[in-house]
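Number of protein chains: 4
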Amino acid sequence: MTPAALDPTDPEGAIKATVDRVSNWGRWGDDDVRGTMNYLDADVRRAAAGLVRTGESFSLSQRFDGDGPQKGWRRRTNPVHTMLDTGTDAVAGIQGFPHGIGGADDVIAMPLQCSTQWDGLGHIFDRGRAWNGRPADQVVTSLGDGVTGIETVAEVIAGRGVLLDVGRAVGEDGELPDGFAITEEHLRATIAAQGPSSEIRRGDIVLVRTGQLTRVRRGLAAGDGWGDYAGGAAPGLSFTTADWLHGSEIAAIATDTWGFEVRPNEFDVAFQPLHQVAIPHIGLFLGEMWDLDALAEACASDGRYDVWLTAAPLPITGAVGSPVNPIAVR
Amino acid sequence: MTPAALDPTDPEGAIKATVDRVSNWGRWGDDDVRGTMNYLDADVRRAAAGLVRTGESFSLSQRFDGDGPQKGWRRRTNPVHTMLDTGTDAVAGIQGFPHGIGGADDVIAMPLQCSTQWDGLGHIFDRGRAWNGRPADQVVTSLGDGVTGIETVAEVIAGRGVLLDVGRAVGEDGELPDGFAITEEHLRATIAAQGPSSEIRRGDIVLVRTGQLTRVRRGLAAGDGWGDYAGGAAPGLSFTTADWLHGSEIAAIATDTWGFEVRPNEFDVAFQPLHQVAIPHIGLFLGEMWDLDALAEACASDGRYDVWLTAAPLPITGAVGSPVNPIAVR
Amino acid sequence: MTPAALDPTDPEGAIKATVDRVSNWGRWGDDDVRGTMNYLDADVRRAAAGLVRTGESFSLSQRFDGDGPQKGWRRRTNPVHTMLDTGTDAVAGIQGFPHGIGGADDVIAMPLQCSTQWDGLGHIFDRGRAWNGRPADQVVTSLGDGVTGIETVAEVIAGRGVLLDVGRAVGEDGELPDGFAITEEHLRATIAAQGPSSEIRRGDIVLVRTGQLTRVRRGLAAGDGWGDYAGGAAPGLSFTTADWLHGSEIAAIATDTWGFEVRPNEFDVAFQPLHQVAIPHIGLFLGEMWDLDALAEACASDGRYDVWLTAAPLPITGAVGSPVNPIAVR
Amino acid sequence: MTPAALDPTDPEGAIKATVDRVSNWGRWGDDDVRGTMNYLDADVRRAAAGLVRTGESFSLSQRFDGDGPQKGWRRRTNPVHTMLDTGTDAVAGIQGFPHGIGGADDVIAMPLQCSTQWDGLGHIFDRGRAWNGRPADQVVTSLGDGVTGIETVAEVIAGRGVLLDVGRAVGEDGELPDGFAITEEHLRATIAAQGPSSEIRRGDIVLVRTGQLTRVRRGLAAGDGWGDYAGGAAPGLSFTTADWLHGSEIAAIATDTWGFEVRPNEFDVAFQPLHQVAIPHIGLFLGEMWDLDALAEACASDGRYDVWLTAAPLPITGAVGSPVNPIAVR
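Residue numbers (this note's numbering), protein chains in the order written: chain A, 1 to 330; chain B, 1 to 330; chain C, 1 to 330; chain D, 1 to 330.
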């Protein structure tokens with residue numbers, strides 16, 4: 001299916017037809033809570049460890065910062081980090097500790113989706129159903145996700161990461177324009193351009209660089225602020241990649257954009273339709289707002305695009321997502 | 001120096017004398033912000049990646065949970081995780097999204113030291129001085145740690161982890177009693193008992209299991225609650241291990257206890273005196289409240305105690321510590 | 001109805017029968033969002049202003065403090081108050097402001113029900129129905145209370161307050177024991193003992209002192225902590241007072257206890273059954289954890305038990321309750 | 001002193017000279033923690049209660065809302081209100097309560113200065129000194145304001161409020177333009193225009209309406225957003241009113257603007273210089289972001305500008321300010 005084949009007036013029809021092709025419900029049993037993370041097993045990890053050659057490490061995380069991109073939409077704010085104790089207090093002599101010790105502690109309040117993060121399986125529903133077909137209201141209540149909370153994959157997400165630098169391979173000057181829909185053809189073209197280290201295998205964590213973050217950073221440096229990085233127009237995956245996401249048997253996929261899929265979405269009236277297929281039906285973990293730029297430079301310099309990647313969510317009981325600092329080593 | 005050699009009435013004297021022997025101030029230049037993380041370089045990582053044999057992975061993190069051990073001391077509370085959107089809302093049809101998509105988002109408010117965490121270099125001061133000799137009031141203010149914030153080591157902490165299961169090697173039934181001071185001799189005895197995979201090398205991340213968490217978990221299972229896990233009596237490193245911590249040139253050390261060092265502390269009137277040496281003077285990163293039990297079982301089963309370990313802090317700008325989900329792969 | 005008449009095995013039956021007698025659904029129209037606050041009108045206020053004679057003022061609020069009574073049950077924690085800027089920072093010269101100005105700002109994170117508070121009309125439901133018969137899932141979602149949010153009574157709650165010091169009138173040494181169920185007879189006996197200033201009129205805000213807080217404070221002073229003040233056994237209103245609460249046409253009622261009604265509740269298996277009648281059916285505003293001791297002393301000293309009372313909730317959009325600092329002037 | 005007399009290049013000089021004239025340090029003893037709230041005594045309250053004639057009540061509070069004016073400057077964000085339990089959960093049958101009761105609870109995280117608020121005496125310092133001459137670092141630390149925390153005036157702030165509708169009396173169409181400095185002459189002209197009910201007396205709470213909020217609200221209604229209401233240009237009190245603020249012996253003063261004083265400030269390089277005099281030296285309580293529009297309409301309609309006003313801060317231990325819902329009754 002190509003974007004041209006999408007009927008922009010009928011997201012419901014496209015979603016239903018796609019779901020019929022790509023659903024993984026029941027694939028790992030009725031009790032499954034891990035979805036495509038089932039692909040990421042010890043064998044995958046053992047093989048991936050061999051990718052470490054120089055030992056260089058890269059953080060794929062943006063900063064968790066009060067000056068971040070969030071604008072309060074749906075109450076997604078930037079983190080508020082405050083201190084419980086400080087060095088100024090210690091020097092002022094007010095801490096009351098013995099033998100000259102002083103200390104600083106801190107507190108944070110933040111949406112779990114405020115910066116670099118994983119979407120867990122409880123993050124998105126399709127017509128009232130969560131991953132594996134469960135009724136959404138029996139999965140995620142005000143008490144959190146009692147079934148597929150992010151803690152259920154606490155130890156899993158370490159394996160082979162593959163950078164697909166679509167911005168560099170397909171875009172101009174290394175960047176895709178906002179609104180650019182990345183199709184399966186673009187993904188294949190990128191793999192072809194990058195060479196064999198980019199071949200996608202079962203259990204992989206795919207990292208798609210669009211270059212949007214690079215562009216937004218230039219704006220920040222120029223004093224323009226974040227613009228609409230958090231929710232506005234952006235390059236991203238086409239709805240039509242659902243079949244590839246399913247058939248490739250990847251464990252997860254992450255982008256350098258706020259919302260993973262192309263925005264505006266490819267239907268006249270729509271909101272994140274690829275999420276609606278990918279999370280509750282494919283059981284796929286999505287990473288958003290990852291910073292792939294430094295890694296992309298390194299990969300381009302020597303043509304090796306696969307890395308050992310650890311992207312461990314905080315095991316917050318019942319969370320539908322998690323902030324994460326993914327570490328790539330190559 | 002042995003615990004017997006400590007004068008319990010003179011923590012100031014012991015601290016000063018120890019600092020004279022172990023200070024790393026200036027070792028990596030006046031501008032250094034990474035302390036012992038300087039030991040953890042690409043070479044260390046490259047070698048450590050070879051430790052992955054089966055691909056088994058272990059999360060060394062406790063849950064971030066409202067029912068955690070914190071009791072509010074110094075305003076350290078358990079995390080409060082709340083939902084911005086839920087599955088019950090989605091099913092109730094009140095979310096207003098098109099084409100049947102529904103979603104759940106969440107928020108957390110927590111001290112950065114509430115559960116499994118890293119102490120950053122701005123966490124502890126000695127007589128008004130922070131790491132590398134900087135005046136503490138020019139490092140950590142209400143705005144956070146403007147110099148050694150945890151984000152400065154965002155990409156570093158992946159390398160060789162070595163479990164020293166002191167509880168198993170030295171304790172009874174795998175556990176050290178509360179108040180047990182682990183000395184250098186105990187560390188060496190553990191290494192000897194465990195065999196060559198436990199040899200400590202420059203740049204290592206040392207994981208000390210005391211067994212206290214195992215014991216506390218039994219209490220939890222029996223309905224006794226957390227007791228005083230968060231701040232009460234505990235086994236832990238003796239103040240006298242400062243020289244070993246310095247001389248071993250390790251990058252970091254973590255324990256399964258709240259406070260790393262033995263409690264009650266080994267002086268008549270004291271509060272975490274080993275912190276006062278280790279963090280501002282050695283520049284050592286300390287991990288606390290790590291869950292080492294599952295890894296310890298695996299290590300004991302085949303006698304391999306070294307692992308590939310990634311323990312990436314969230315790069316919260318200016319934070320003096322960070323929650324972390326450390327992942328060991330072996 | 002007396003407590004003796006309650007069948008402890010049948011809370012459902014008692015609730016249904018009581019609801020049939022006391023429901024105010026529709027009384028103020030289908031669109032009503034204020035319940036019994038409709039009684040508190042300008043006429044009531046005008047008359048009540050005449051109660052001010054000496055001009056003495058009393059805060060009926062407990063402190064909002066990290067050392068408060070909450071223990072985390074249902075994620076009700078004590079407030080966490082942190083600073084964004086401090087005097088120590090100002091003196092350390094790190095704030096960067098001109099002409100010698102320095103400042104301090106602060107932040108709070110707290111459950112709205114953590115200390116002295118109002119229960120709003122969205123706080124409790126009966127078999128899926130909120131105040132005035134609305135389906136609860138169309139009133140209070142993750143977005144808050146979209147219909148009866150506490151902001152809808154932002155300007156209303158100023159009028160006549162009447163202290164019923166049941167602890168003094170009925171108890172021993174001014175206190176009722178935990179588990180003591182205050183019946184209509186006890187309320188009438190208290191009014192009779194206190195004299196005509198205690199007569200209850202339409203639109204009144206009734207303040208019921210049990211003396212439990214006085215007792216808990218003694219425990220705090222003795223180092224015993226809060227005990228089970230937040231949710232444990234307590235004196236409080238009997239379920240059988242529902243008819244009096246309805247027939248008296250009061251605007252609101254508050255107690256010095258955590259939970260307004262007697263605990264343990266008067267049925268074998270129950271949770272706050274009087275709430276289930278009072279809030280969704282009578283439309284009554286309940287105040288909890290009020291501090292009535294200082295006012296009680298003053299009232300006892302001169303026999304005047306009615307005051308001018310302002311108890312203004314913070315108009316937090318969509319809140320189902322609010323912290324409040326009620327001010328009595330007499 | 002008039003604005004013309006101010007040397008715009010010398011805020012330090014102007015501040016020092018003004019402080020020499022208006023300081024109240026020591027006026028109420030060395031231990032004083034209430035500043036001008038000392039003026040608001042029982043006599044003032046007793047007299048003010050007589051102002052209630054119709055019993056109409058007005059909330060002078062803006063909503064505490066996630067869509068508020070804050071933009072994150074100095075980490076002042078809008079409140080984040082989340083639910084611990086909801087009606088959708090109750091209807092979904094997942095709450096686990098007996099006999100059909102369901103409930104909703106909520107949580108808030110907010111800066112204390114995010115919306116309608118009081119500045120407490122610990123909010124501003126002058127050259128390292130807080131109210132009454134205390135060293136700021138011995139008053140406000142990371143632990144909060146240990147001396148003049150807002151809880152120290154928990155019961156005080158009920159008395160006579162006087163609306164000075166400067167926007168209506170002096171402005172065009174009821175509004176002063178941004179940057180308009182309100183001088184003592186403007187205050188006197190407003191009093192004269194409004195008549196004898198506006199006469200200012202010792203212990204009064206003065207309410208200055210500039211009309212800026214009215215203007216901003218039109219913008220909001222037109223879809224323009226809040227603009228720079230939180231910190232941008234605004235009408236407000238001239239620095240030169242310091243003498244009037246002192247000599248009038250008022251207890252407090254509040255405006256409908258973010259920052260009380262005119263912005264931009266009246267010096268070339270300055271930040272809130274009138275705060276620097278008013279809070280630490282006069283000991284004056286400042287109210288900001290109050291909503292005076294509805295009250296102003298009522299006052300204009302019958303020419304009575306004085307009201308019974310209760311503006312009770314939440315007694316948050318150690319807070320340097322507090323959100324407040326002021327209630328005027330007339």
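Please note: incorrect hints may appear among the correct ones.
Repeated chains share a single entry, so a pair holds when one copy, or any two copies, can fit it.
As the list claims (entries may be wrong) - Straight-line Cα separation of at most 20 Å, EDC-like style, residue types lysine to aspartate or glutamate; simulated pairs:
no., residue 1, residue 2
1, K71, E172
2, K16, D178
3, K16, D41
4, K71, D224
5, K16, E266
6, K16, D243
7, K16, E172
8, K71, D178
Derived by calculation from the structure, the hints in this document are not laboratory data. Since we're looking at a predicted model, the values are computed, not measured.
Status of the hints after comparison with the structure:
{"no.": "1", "hint": "K71 with E172", "verdict": "neither (29 Å within a copy, 35 Å between copies)"}
{"no.": "2", "hint": "K16 with D178", "verdict": "neither (27 Å within a copy, 55 Å between copies)"}
{"no.": "3", "hint": "K16 with D41", "verdict": "neither (30 Å within a copy, 50 Å between copies)"}
{"no.": "4", "hint": "K71 with D224", "verdict": "both (15 Å within a copy, 15 Å between copies)"}
{"no.": "5", "hint": "K16 with E266", "verdict": "within (15 Å within a copy, 53 Å between copies)"}
{"no.": "6", "hint": "K16 with D243", "verdict": "within (13 Å within a copy, 55 Å between copies)"}
{"no.": "7", "hint": "K16 with E172", "verdict": "neither (35 Å within a copy, 60 Å between copies)"}
{"no.": "8", "hint": "K71 with D178", "verdict": "within (19 Å within a copy, 26 Å between copies)"}
Checked against the numbered hints above, the structure breaks hints 1, 2, 3, 7 and satisfies the rest.
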